[in-house]
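S.K.: So the chains spell out like this:
Number of protein chains: 2
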Amino acid sequence: MAASTLTEVARLAGVSPATASRVLNGSARKPGPGVSERVRQAAEALGYIPNAQAQALAKSSSGLVGLIVHDIADPYFSAIARGVQEVAREQHKMVLLATTGGTPADEKEAVAAFAARRADAIVIAGSRSRRPEDDKGNAELAAELDRYCRNGGHVGVVGQAIVGAGALDGYHLVEVPNEELAAELAGNLAAGHSGEFVIIGGPEGLITSDDRIRGFQSGLAAAGRPAAEVLRASFNRAGGYQAGLELARRIREARASGASQEGKRPGLCIFAANDVMAIGAAAALRSEGFRIPRDALIAGFDDIETLRDFRPGLSTVRLPLEEIGRLATLSTVGTETADRGDGHDDGGRTVTGQVTLRRSTEWAP
Amino acid sequence: MAASTLTEVARLAGVSPATASRVLNGSARKPGPGVSERVRQAAEALGYIPNAQAQALAKSSSGLVGLIVHDIADPYFSAIARGVQEVAREQHKMVLLATTGGTPADEKEAVAAFAARRADAIVIAGSRSRRPEDDKGNAELAAELDRYCRNGGHVGVVGQAIVGAGALDGYHLVEVPNEELAAELAGNLAAGHSGEFVIIGGPEGLITSDDRIRGFQSGLAAAGRPAAEVLRASFNRAGGYQAGLELARRIREARASGASQEGKRPGLCIFAANDVMAIGAAAALRSEGFRIPRDALIAGFDDIETLRDFRPGLSTVRLPLEEIGRLATLSTVGTETADRGDGHDDGGRTVTGQVTLRRSTEWAP
DNA sequence: TGTGATCGGGAAAGCGCATTCCCACTGCAA
DNA sequence: TTGCAGTGGGAATGCGCTTTCCCGATCACA
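Chains W and S, in that order, give the protein sequences.
So that you can map any letter, position 343 of the first sequence is 343 in our numbering, and since no number is skipped, the others follow by simple counting.
So that you can map any letter, position 297 of the second sequence is 662 in our numbering, and since no number is skipped, the others follow by simple counting.
Be a bit skeptical, because a hint or two may be false.
[What the hints assert, rightly or not] Listed below are several chain S residues computed to face chain W (Cβ distance under 10 Å; list not exhaustive):
1) LYS395
2) LEU422
3) GLY428
4) PRO440
5) ILE445
6) GLU455
7) MET459
8) ALA477
9) ALA507
10) GLU509
11) ILE669
The hints are simulated quantities; they were obtained by calculation from the structure and are not laboratory data.
We put the beta carbon where it would ideally sit given N, CA and C, even for glycine.
Please model the complete structure; the sequences and the hints are all you need to start from.
M.R.: So, in structure tokens, the structure goes:
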């Protein structure tokens with residue numbers, strides 16, 4: 001990766017490196033038009049490309065924003081990534097990508113790598129974990145992020161605060177009201193469904209999943225319904241599928257014992273803690289010969305764009321994922337320029353979602 | 366982003382910066398155990414994080430791989446991105462992301478930005494364009510990439526070669542046999558469908574789309590069928606939807622004039638140049654009251670993972686997208702180490718896909 | 001015409017690190 | 001004891017760029 005340098009350009013143009021630097025980037029001082037033209041031509045002739053590393057070193061600002069996600073191929077994250085990317089582009093920054101599978105230890109590695117590259121900001125998306133086995137990783141992640149913040153970095157956090165992080169400014173939380181929205185969804189579903197509810201969630205300790213489950217339960221409670229049983233599986237399509245198989249088994253057993261009530265009574269209403277799990281569960285039920293919503297109702301969470309054409313339309317909670325990515329990124333760069341200007345930044349923003357009922361939860365006797 | 370420096374660590378440990386550098390990174394020379402321990406402790410105490418920018422500058426290798434896609438939220442690209450990310454991780458590199466919407470001019474910008482950051486490799490995915498209005502952008506993109514290659518960079522190209530690029534080594538093409546696979550798909554469909562075919566493609570000049578269309582047509586021809594009409598729309602879900610509406614209109618008209626042959630004769634068989642277009646078209650048809658495969662058959666291309674649970678199952682051509690991303694990245698870093706070792710690198714690899722027939726093209730009278 | 005202000009340009013000092021020399025010291029054989 | 005290779009460490013240079021600081025020249029104004 002050798003390329004021509006500023007010095008070479010300067011020499012060719014017959015000026016000093018200082019002058020060349022001044023014309024070839026937005027410096028405050030503008031050299032005379034004659035000189036500028038010469039320099040520009042020399043740069044063009046040599047195919048000069050400024051070395052961003054050197055620039056970053058010299059003015060200690062890298063123009064990088066780091067993005068940490070569990071899995072970039074998961075539509076939830078890729079939608080957020082799009083938002084991040086957009087803002088980065090507007091701000092003339094580049095985004096550095098790291099995928100971690102949700103492991104705090106890996107997330108810590110990613111933060112360290114971003115810090116090493118002196119990223120101007122870090123956006124971290126994906127549910128935090130509260131599982132005991134992640135305690136150590138969480139502590140290290142928090143320490144790494146705290147250090148990054150103390151060194152002047154800004155981190156945009158999507159969803160819920162970092163477990164164990166200090167109350168530094170530098171953290172900007174984009175809050176997603178998972179619990180409230182799940183409660184609202186539960187209320188809506190309870191209004192139209194008199195049968196039993198069951199929840200498919202991620203592993204216990206995954207905060208996003210737990211929040212949604214808790215919200216859903218409280219929504220049921222508010223509607224005077226008993227708490228739903230919770231099935232745990234991995235927080236992705238495979239987990240949903242697995243749980244779906246289990247539910248298919250149960251439905252079959254229930255029917256076998258409870259005589260032939262098929263189609264007479266509303267069946268199970270399943271709430272999956274995210275859309276891809278819901279789709280997985282639906283696929284499992286279908287593969288076992290059940291139909292939705294005839295044999296079971298099902299709802300998800302997120303309203304993933306690619307899944308909107310799914311039939312029957314999946315009831316879910318629409319989350320403005322791209323906007324979330326945008327906000328998380330903006331909150332970091334915004335305060336960078338308007339640093340503690342008026343009063344002070346609230347340190348983040350809250351987005352809102354929207355319960356979206358579709359055919360997957362319409363029970364027609 | 367101020368942080369403690371190597372010099373500070375060295376001072377605290379009572380050694381020279383040179384020694385500190387030697388112990389804190391994998392240098393050839395290993396300082397004595399006592400000194401090493403002191404330095405390591407000092408680094409720990411200060412929370413030292415090496416400045417990757419400075420390191421890159423000093424040893425001129427950035428540990429960065431640039432990835433250029435049209436849209437990271439498109440599942441086609443996010444699947445590829447996952448593969449790229451995996452390899453990057455294995456190689457201890459970080460990936461820099463750029464999204465361009467497929468505009469060559471923007472792609473050129475991205476390449477320049479990557480070159481400025483001295484990325485060790487660039488992976489560029491997404492159909493090349495041959496549209497006249499992109500001529501200028503293409504030329505510039507090719508020039509920029511050529512320059513990057515000449516400076517020692519490696520670029521992994523997914524799909525088809527860069528329009529107008531020089532025959533430099535430095536380019537590594539991962540070839541996707543779009544044409545052959547589309548032909549094969551057409552052959553399979555023609556065997557089971559006696560009715561008319563129609564193609565929904567991207568804008569003319571989008572090479573991936575054009576290749577698939579051409580392949581499909583030649584497959585039809587090989588099966589003794591007349592060429593299919595081609596509808597052009599944007600190469601995404603919206604385009605597919607729009608084309609789907611148009612087709613719905615035609616089907617309705619044909620039925621109105623051709624008496625009530627509904628359900629008696631096989632209807633239209635639609636080939637969409639990619640899966641998301643197919644899904645869009647299916648949604649449009651459905652919204653117009655038609656059912657698939659009863660009223661129209663439909664097939665796509667790519668076999669997007671998120672869309673596999675779609676009902677009726679979408680006939681398509683499975684492409685190993687993640688593997689494609691992996692290969693494209695490997696081809697760039699592989700030759701970096703084993704640079705022109707044995708004989709010489711073929712400069713790329715070819716992947717293969719698999720025609721996958723599902724219910725969306727099963728016509729049951 | 002003289003004087004301070006302004007402007008256009010260059011010299012030089014880093015930014016944080018890797019690395020090449022170079023030196024002092026040790027251990028060993030002669 | 002001298003000579004020499006080997007070893008562990010430091011001084012210094014440079015990666016490519018930005019940014020003070022400085023200096024000569026030009027300008028406006030008295």
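S.K.: Confirm or reject each hint.
M.R.: Do the hints match the structure? See the list:
1. LYS395: 22 Å, violated
2. LEU422: 5 Å, holds
3. GLY428: At 9 Å from the nearest chain W Cβ, S/GLY428 passes the 10 Å test, so the hint holds.
4. PRO440: Status holds, d = 6 Å.
5. ILE445: 9 Å, holds
6. GLU455: 12 Å, violated
7. MET459: 5 Å, holds
8. ALA477: 6 Å, holds
9. ALA507: Interface hint status for S/ALA507: violated (14 Å vs cutoff 10 Å).
10. GLU509: 9 Å, holds
11. ILE669: Holds - the Cβ of S/ILE669 comes within 10 Å of chain W, reaching about 8 Å at its closest.
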